[in-house]
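Student: What follows is each chain in one-letter form.
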Amino acid sequence: MNERSHVGEVLSCRDIHKSYGGLKVLRGVTLGVRRGEILGLTGANGAGKSTLIDVISGQTAYTSGEICIGGVPVSREGTALRAQLGLARSFQRPQVALELTLLDNIRVARAAAGLSSPYRILSAFVRGFVGPGDDDCAEIVRVCEQLSLRGLDRLAAEVTFGELRLLEFARALLLRPKVIVLDEPFSGVGDAGINGIIDALRALRAAGCAILLVDHNIDLLTPLVDRMALLAQGEIVVEGGVDACLESPVFRSTYIGVA
Amino acid sequence: MTSFAHAHADPRPNAVTGKRRLRTEALVTAAIGLGVVLFVGDSAYLQDLAILTIAYAFLGMGMYLPLALGGQLSLAYNAYFAIGAYSVAIMSGLATGPLQQLALWASIPAGVATAMATAAVLGFATRKLSGFHLAVATLMFGIAVHTFLVHSDSLTGGPTGLGGIPRLVLFGWELGRSELVTAGIVSIWVVATLIARFRVSLAGIALRVQREAPAAAAASGVPRTALKMYALVAGAAIASLAGILFALMNQFVLPESFGPKVVFLVLFMPILGGMSTPWGAVLGAVLVVYFTFGFDLFQGPGALTFGVLALLVLLLAPTGIIGLVGQFFGWTRRRLGLGGKGGGHE
Numbered sequence: 035m036n037e038r039s040h041v042g043e044v045l046s047c048r049d050i051h052k053s054y055g056g057l058k059v060l061r062g063v064t065l066g067v068r069r070g071e072i073l074g075l076t077g078a079n080g081a082g083k084s085t086l087i088d089v090i091s092g093q094t095a096y097t098s099g100e101i102c103i104g105g106v107p108v109s110r111e112g113t114a115l116r117a118q119l120g121l122a123r124s125f126q127r128p129q130v131a132l133e134l135t136l137l138d139n140i141r142v143a144r145a146a147a148g149l150s151s152p153y154r155i156l157s158a159f160v161r162g163f164v165g166p167g168d169d170d171c172a173e174i175v176r177v178c179e180q181l182s183l184r185g186l187d188r189l190a191a192e193v194t195f196g197e198l199r200l201l202e203f204a205r206a207l208l209l210r211p212k213v214i215v216l217d218e219p220f221s222g223v224g225d226a227g228i229n230g231i232i233d234a235l236r237a238l239r240a241a242g243c244a245i246l247l248v249d250h251n252i253d254l255l256t257p258l259v260d261r262m263a264l265l266a267q268g269e270i271v272v273e274g275g276v277d278a279c280l281e282s283p284v285f286r287s288t289y290i291g292v293a
Numbered sequence: 058m059t060s061f062a063h064a065h066a067d068p069r070p071n072a073v074t075g076k077r078r079l080r081t082e083a084l085v086t087a088a089i090g091l092g093v094v095l096f097v098g099d100s101a102y103l104q105d106l107a108i109l110t111i112a113y114a115f116l117g118m119g120m121y122l123p124l125a126l127g128g129q130l131s132l133a134y135n136a137y138f139a140i141g142a143y144s145v146a147i148m149s150g151l152a153t154g155p156l157q158q159l160a161l162w163a164s165i166p167a168g169v170a171t172a173m174a175t176a177a178v179l180g181f182a183t184r185k186l187s188g189f190h191l192a193v194a195t196l197m198f199g200i201a202v203h204t205f206l207v208h209s210d211s212l213t214g215g216p217t218g219l220g221g222i223p224r225l226v227l228f229g230w231e232l233g234r235s236e237l238v239t240a241g242i243v244s245i246w247v248v249a250t251l252i253a254r255f256r257v258s259l260a261g262i263a264l265r266v267q268r269e270a271p272a273a274a275a276a277s278g279v280p281r282t283a284l285k286m287y288a289l290v291a292g293a294a295i296a297s298l299a300g301i302l303f304a305l306m307n308q309f310v311l312p313e314s315f316g317p318k319v320v321f322l323v324l325f326m327p328i329l330g331g332m333s334t335p336w337g338a339v340l341g342a343v344l345v346v347y348f349t350f351g352f353d354l355f356q357g358p359g360a361l362t363f364g365v366l367a368l369l370v371l372l373l374a375p376t377g378i379i380g381l382v383g384q385f386f387g388w389t390r391r392r393l394g395l396g397g398k399g400g401g402h403e
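For the protein sequence lines, the chains are U and C, in the order given.
One rule links them: number in my numbering = place in the first sequence (from 1) + 34.
One rule links them: number in my numbering = place in the second sequence (from 1) + 57.
There could be a bad hint or two in this list.
[What the hints assert, rightly or not] Computed spacing ranges between beta-carbons, pair by pair:
(1) Ile-89(C) / Asn-229(U): 32 to 42 angstroms
(2) Ser-221(U) / Thr-204(C): 30 to 40 angstroms
(3) Ala-88(C) / Ser-151(U): 39 to 49 angstroms
(4) His-190(C) / Ser-157(U): 23 to 33 angstroms
(5) Phe-181(C) / Arg-110(U): 12 to 22 angstroms
(6) Gly-154(C) / Ser-157(U): 38 to 48 angstroms
(7) Lys-58(U) / Val-247(C): 56 to 66 angstroms
(8) Leu-159(C) / Val-164(U): 22 to 32 angstroms
(9) Ala-237(U) / Thr-81(C): 36 to 46 angstroms
(10) Ala-182(C) / Gly-275(U): 48 to 58 angstroms
(11) Val-178(C) / Ser-221(U): 41 to 51 angstroms
(12) Leu-368(C) / Thr-194(U): 26 to 36 angstroms
(13) Ser-221(U) / Trp-388(C): 34 to 44 angstroms
If you're looking for bench data, these hints aren't it; they were derived computationally from the structure.
Model, not experiment: these values are computed from the prediction.
We put the CB at the ideal spot given by N, CA and C, even for glycine.
Using the sequences and the hints, build the whole thing.
Tutor: Spelled out as C-alpha cells, the structure:
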C-alpha cells in the first residue's frame with residue numbers, strides 16, 4: 035500500500051504509528067484524500083479514528099510516519115500552522131468557548147485568516163484596540179442559515195449539543211479549508227442540520243476541497259462518499275469504492291457480524 | 058431565554074458584536090469621568106485619593122487584559138508599576154537645567170518601553186508555564202524587583218527612595234496636581250475604551266477563544282503563544298502608566314509602594330468590579346481606595362476586609378458588580394415588558 039501514487043492528494047498520511055506507552059493505537063496507517071473527494075473513514079469504537087484525526091491536526095504527537103498537507107510535510111509543525119496551511123477539523127466533543135456567543139465563536143475563524151505571520155499577528159493585535167468593527171458578519175450569518183443554525187447572539191452555553199456541532203462545522207467551513215476532517219459531524223444533529231451539512235459537503239467537494247469524513251453511520255456515509263476505508267485495531271483493513279467495501283468480508287464482520 | 062424567541066429574528070451583527078454597547082459605555086464613562094474631575098477639584102485630600110485610585114485603575118486594567126481575556130495569571134504587576142515610576146525618577150535625575158524637562162518627558166515612553174521589554178523577556182522565559190506555575194514564577198519576579206529596589210542604593214536610592222522629581226511643563230504651562238489628576242482620568246478613559254474595543258475585535262476574540270477552548274483556537278489557526286505574549290506585553294505597558302503617573306504626581310518614589318502586597322489588591326479589582334469590561338477593574342480600584350481610606354472602620358485591616366469582600370462577590374455575584382447591575386437592568390426591562398435581550402450576558 036505504501037507504493038501507491040500520492041499525486042493530487044491534499045492530505046496524505048504515510049505509515050503513521052502511534053503508541054501510548056506499550057499500547058499501539060495506530061499501526062502503520064496510510065491514507066490520502068484528493069482534491070474534490072470525500073473519503074469516508076469508519077471503524078468500531080477504539081479503532082483509533084479520533085487518535086488519527088488528532089495526529090493529523092497536530093493535537094497529538096505521533097511516534098513515526100509522515101503527514102503532508104497540500105504537499106507540504108507538516109510532521110514537525112504545530113496545530114495552528116497546519117490550520118494556516120488549509121486544514122480544518124471538527125471535534126468529537128465540540129470544542130467551544132461557552133462564555134462567548136455563537137457568532138463570536140465562529141468569528142475566530144475570521145480572526146485566524148489575519149494571523150498567518152508574525153508581522154500580521156502583531157498588526158492584528160494593535161489594530162484590535164483601534165477598531166473592532168472591521169469584519170463583516172454577513173457571510174457567517176449566510177453560512178449558518180444554510181446549516182439552519184440561527185440565533186447567533188446566544189451564548190454557546192445556552193444551546194443544544196447539536197447546535198454546537200453545527201457551530202463547529204460552520205467554523206471549519208469559514209476557514210475556507212483545502213482539506214477538512216470531520217469527526218462524527220452528524221451525531222446529535224437534527225434532520226435540518228444533517229441535510230445542511232450534507233449539502234455543504236457536496237458544495238465543498240464541488241469547490242475542490244478534500245474531505246475526510248469519520249463516522250459510524252454507514253447509511254449516511256454511503257450515498258455521500260466517493261471512497262471508504264475501514265480502520266480496525268489501528269490499521270486500514272479495507273479501502274476502496276463504496277460497494278467493494280460494503281461487500282468485503284472484514285467490513286461485513288465488523289458491521290453486521292456475518293462474514 | 059429560549060431559542061424559540063430567536064427563530065425568526067435575523068441576527069443583527071451590529072448588536073452582536075456590541076458596537077452600540079461600546080458607544081454607550083464610552084459616553085456614560087466620559088460623563089462619569091467629568092463628574093469625578095469636578096468632584097475632586099482642588100481638595101488636596103481628594104487629590105491624594107484620586108492619585109492612588111488612578112494608579113490602581115491602571116494596574117487593574119493592565120492585569121485585566123492578559124487575565125480576563127487571555128486567561129494568564131501573571132503577578133509581576135508591582136514590577137511594572139515600579140519600572141514606570143523609577144524610570145521617571147531616575148531619568149529626571151540624570152539631567153539638570155533645561156535638559157531636565159526633556160529627560161522627564163522622555164522618561165514616559167522610556168518607562169513604558171522598559172516595562173514592555175521586561176514583560177517580553179519574562180513572558181518568553183515563562184512561555185511554557187500556565188496557571189499556578191506562571192503565577193508563582195511571576196510573583197517571584199515581582200518580589201525580586203522589589204528587593205532590588207530596596208538594596209540597590211546607588212541606582213534606586215535604596216529604602217529611602219528617590220525624590221526631587223520636577224513638575225512636567227508643557228509649552229510653559231506647569232502641570233500641577235489638578236492637571237495631572239485630570240490627565241490621569243482622561244488616560245484611564247482612553248485606555249479602558251481601547252481595551253473594550255479590543256475585547257470584541259477579531260484579535261480579542263481569538264485571545265478569548267484560546268482561553269476557553271484552546272484546542273478549537275489552535276485548530277482554527279490561532280497562534281496561541283504569540284497572542285498570549287502580546288497580551289502580557291500590552292498589560293505591562295498599561296501597568297507602567299500607573300507608575301509613571303504616580304511618580305509625576307507625588308514627585309518622589311519609595312520602594313514600599315511597589316511591594317508584592319499591591320499585586321493582591323490589584324488582582325481583586327477586576328473580580329470585584331466585573332470581568333466583562335475593563336471598567337470593572339476601574340470600579341474595583343475605586344472600591345479598594347474607598348474601603349481602605351474612606352471608612353475609619355476599615356482603615357486598619359483594609360486589605361483583609363477587601364479580600365473578604367472579593368470572596369463574597371465571587372460567591373454571590375461571579376460576574377462582578379457591573380455584571381450584577383447588568384442583570385438587574387435586564388430583569389427590570391423584562392418585568393416592565395420592554396422586551397429586548399436580558400442584560401448581564403456579558
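Student: It remains to establish, for every hint, whether it holds in the given structure.
Tutor: Here's how the hints hold up against the structure:
no., hint, result
1, Ile-89(C) / Asn-229(U): 32 to 42 angstroms, "violated (52 angstroms)"
2, Ser-221(U) / Thr-204(C): 30 to 40 angstroms, "violated (57 angstroms)"
3, Ala-88(C) / Ser-151(U): 39 to 49 angstroms, "holds (42 angstroms)"
4, His-190(C) / Ser-157(U): 23 to 33 angstroms, "holds (31 angstroms)"
5, Phe-181(C) / Arg-110(U): 12 to 22 angstroms, "holds (21 angstroms)"
6, Gly-154(C) / Ser-157(U): 38 to 48 angstroms, "holds (41 angstroms)"
7, Lys-58(U) / Val-247(C): 56 to 66 angstroms, "holds (59 angstroms)"
8, Leu-159(C) / Val-164(U): 22 to 32 angstroms, "holds (29 angstroms)"
9, Ala-237(U) / Thr-81(C): 36 to 46 angstroms, "holds (40 angstroms)"
10, Ala-182(C) / Gly-275(U): 48 to 58 angstroms, "holds (55 angstroms)"
11, Val-178(C) / Ser-221(U): 41 to 51 angstroms, "holds (47 angstroms)"
12, Leu-368(C) / Thr-194(U): 26 to 36 angstroms, "holds (35 angstroms)"
13, Ser-221(U) / Trp-388(C): 34 to 44 angstroms, "holds (37 angstroms)"
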